[in-house]
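Chemist: Each chain, letter by letter, is given below.
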Amino acid sequence: MSVSRRSFLSLGSLTALGVAVQNMVSFPSTAYAAETLPERHVLNRLTWGARPQDVETIQQIGIEAYIDWQLNPETIDDPLVDAFVGSRPAMLMPYDELVRVARDNYDFVLRAALWGRIFRAAYSERQLFERMVEFWTDHLNIPIADLLVEKVIDDREVIRKHALGSFRDLLFASAQSPAMLYYLNNADSSKDHPNENYAREIMELHSLGVDGGYTEDDVVAVARAFTGWTVSDRGEFYFDAEDHDMDEKIILGHNLPAGRGIEDGLQVLDILIRHPSTARFISAKLARRFIADTPPDSIVESAAQVFTDSSGDIRAVMRPLLTSPEFMASAGQKFRRPLDAIVAMMRTLTPGLDIDNPDPIAYTLEGMGQMPYFWHPPNGYPEPAGAWINTNGILERWNAAMRFALAGDGYFEGAALNIDLVVPQAGTVGELVDAAIASVLGTEITSEDRDQLIAYVSRDANPDQPLTEDLRRTKLPGLVGVLMASPYFQWI
Amino acid sequence: MPISRRNFLKSAGVAGIVGLGQQLFPSWMPRMAFAQDDRTDRDVLVVIFQRGGMDGLNAIIPYAEGSLYYDKRPTIAIAEPNGSDSSIIDLNGFFGLHPALRPLKDIYDANALTIIHGAGSPNPSRSHFDAIEYMERGIPGDKITGTGWITRHLTSAPWQNDSPFRAVGMGTLVPASFRGTASTLALRSIADFHLAGRQDQLVGIRKTLSSLYSIQQPTDLLSNQAAGIFNTIDLLAQLSATEYIPSKDVVYPETEFGMGLRQVAQLIKAGVGLEVAAVDIGGWDTHDDQGGTDGQFAGLLDELAQGLAAFYFDLEGYMQDVTVVSMSEFGRTASENASGGTDHGRASAMFVMGGGASGGVHANWNGLSDSALDEGDLAVTTDYRDILSEILTKRVNNSALDQIFPGYTPNMPGIINSR
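As given, the protein sequences belong to chains B and U, one line each in that order.
Here my numbering is used: the first residue of the first sequence is 1, the next is one more, and so on.
Here my numbering is used: the first residue of the second sequence is 1001, the next is one more, and so on.
With the rest of the complex left out, here is chain B (with noise of 0.2 Å):
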């Protein structure tokens, strides 16, 4: 049972929004980034944004060792997550106690579903991690509103379980996720009936990809090959034989004899899992995702044989390519999306920042769309920077920036923020704000940039200029401000 289930796309009037072809928009392949130095790059990249404390560890242990250490999230202590996780139950119940509890106080589970995505991009020491499970989410999205305590539970036990494992069993999990049956459709399928929602969106989103070989014959054949996968009362998976087409079936040239039960469910999984154009399909959304939206074709074949090779370890796929020389010279070439740019914003200013409320930063991201789990059909948020690139979204990036910046002084509601402890003390205009690039961007930037941050700072534009701590307190905040919403903080 879900708790108050309606079909997808029943909010799609924003969200169904093109763009569910990759690269539809290209971009200069030339990067918007001065000298990134490639600690910081593999920061970008690799977490949501750099705090002190990360570009500390890389410095100390190397950018291999980094990696290696991100690669192995079971090894890193994640204290922060680990009490809040332990202060919000609902997280953990198991399905009959959370259908209990969402019931009596749906916007409680909600909140916590919503801002636990939040807080763990922003609070885990798991980065690399959470990464990879933003990834899954959207490649096996579920739009949450509808069905509460399923996704709740999908995040668990199916994109959490196997963000960084096989991609054999995170396909197998989904299948059998309660909220990919309702959601798709496929808890409804019968033989008389087979609806074909799960089928075609298996192969066309979650495998082969649209042009991965299939036809519309498949489509019927893998629907009626999944027909009788559905959701018991207890809210588990649950074959029902009874609604199960037994008759011979063709897929992808493979022949599912006559007679079968389940069996024909899980040889479909297999066919699609071993498939080539799905190394292919997976390596080349990860490129677009950790690489850059159009990504060199060299990147994607060697992740693809990687993929292939290892039977879809996706950390054996990963490691290749985020050591790659493609991925070491990519800086500066992907646009963060509206969570990551919030995200971000938040560990910039980590050292300062206490969250008392976290509503007002869902609200802000739901303006800037991309509220998490609220995307509604199934092609998850989308990758290119061309999606995102809208004067509302801009506008809405720049203020979330300014109001972030200014938490100090109450324009972020909910948040308090002591801007003294991200920027440290500086004794002129142009020490101040060499500093607060240093501590927002660590990059360098343009001198004319750094002439026009220093004139926003001086009435003189004059660098040497006493920093006085009136001028401090009064110009401070602008300048995190417009540095966290300026270009070079956008693509990373």
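A few of these clues could be false.
What the hints assert, rightly or not - Covered stretches of chain U (chain B as the covering partner; in silico rule of three or more C-beta atoms under 8 Å from a C-beta of chain B):
(1) 1170-1177
(2) 1228-1237
What the hints assert, rightly or not - Examples of chain U residues toward chain B, derived with CB under 10 Å:
(3) D1090
(4) N1092
(5) K1105
(6) N1337
As the list claims (entries may be wrong) - Away from chain B, derived, C-beta distances all over 10 Å, residues of chain U:
(7) D1041
(8) S1067
(9) Q1225
(10) P1246
What the hints contain is simulated information worked out from the structure, not anything from laboratory work.
Glycine included, every Cβ here is placed at the ideal spot set by N, Cα and C.
Add chain U to chain B, keeping to what the hints say.
Modeler: Quick look at chain U alone, frame taken from chain B:
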């Protein structure tokens, strides 16, 4: 260093001006009109996209098909016209409106609403995402072209217009039909569009942001957006200085769709250079519990009809210069499924409302017999580009169809009035 710079303040026009009331108007805007006589020789085009695939057969119902319709839809079919509120509203003795579309009946009767049945894309993809992309980019089957059909219309038009309101997508993201180089405004709320922060710092913040964003390569797109933002902030500040009161006490649905249409109406009346607006209404993917007279699908039709009717009557006096056209990526299976819903199909129906509409139902109708259906679905007998082409040439005065729909020769049905 891949960054070069240009005179941003010049391109931003009004970037140095903050505050209300006394500023100079930018050159592209003849005046802040708020006046009705600010006419051009072309219609404002309002494009409605019904995301998810609208079940055209239960919206504009071919009830005269009898059992060919009713037998396919045992639980979701609507009763033949009998005058009751739960029966079909007859249009022409063959087709009728779902009762939830009642608000459109007066407009239909005034010959200001044309319905095109059996309309859709020639590409048979039943993937939402492919079908939406193809439809919005206007080149079905082509995945290479990066621009949308509206973008190509705007760039190929014989006139140009620097207004930041030339192309407006209501919502947080810009639809694929606007994708490309023409700058488009994604507008969520007229009232909330301003820069946040300390008032005493706004001038300096704005100046600094302008200069940081005055870059050419590689992020020219971002730079253009920034310039547009400052122009837009100034103009929307003027618009929102007075409360918008729709004419005739019409009430728009309090949904994203309704509020989107309401703000489009406000922009049209303000005469700020709007040429094309896009408003979305989602939720049409009714795989289960679609409902008949009541329920999910009826609720969607109600929202659609209430919104369109409010827009029409709010803009009385303007509608001869406005054409509204709707589309959906595909229709749905002719037969209902086991879940009381319908799956992805082929043709759906389009609405044309306003200046261009000549009234009636246009359909190259072959019926619902098995041989007339396309693999069980209503066949596409009118290419949606035929309708758009006729609107573009007759109402919007752009006949560069070879650029807007490259490789396609439209077969215009002659159902749009010339201006």
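Chemist: Of the hints stated earlier, which fail here?
Modeler: 3, 4, 5, 9
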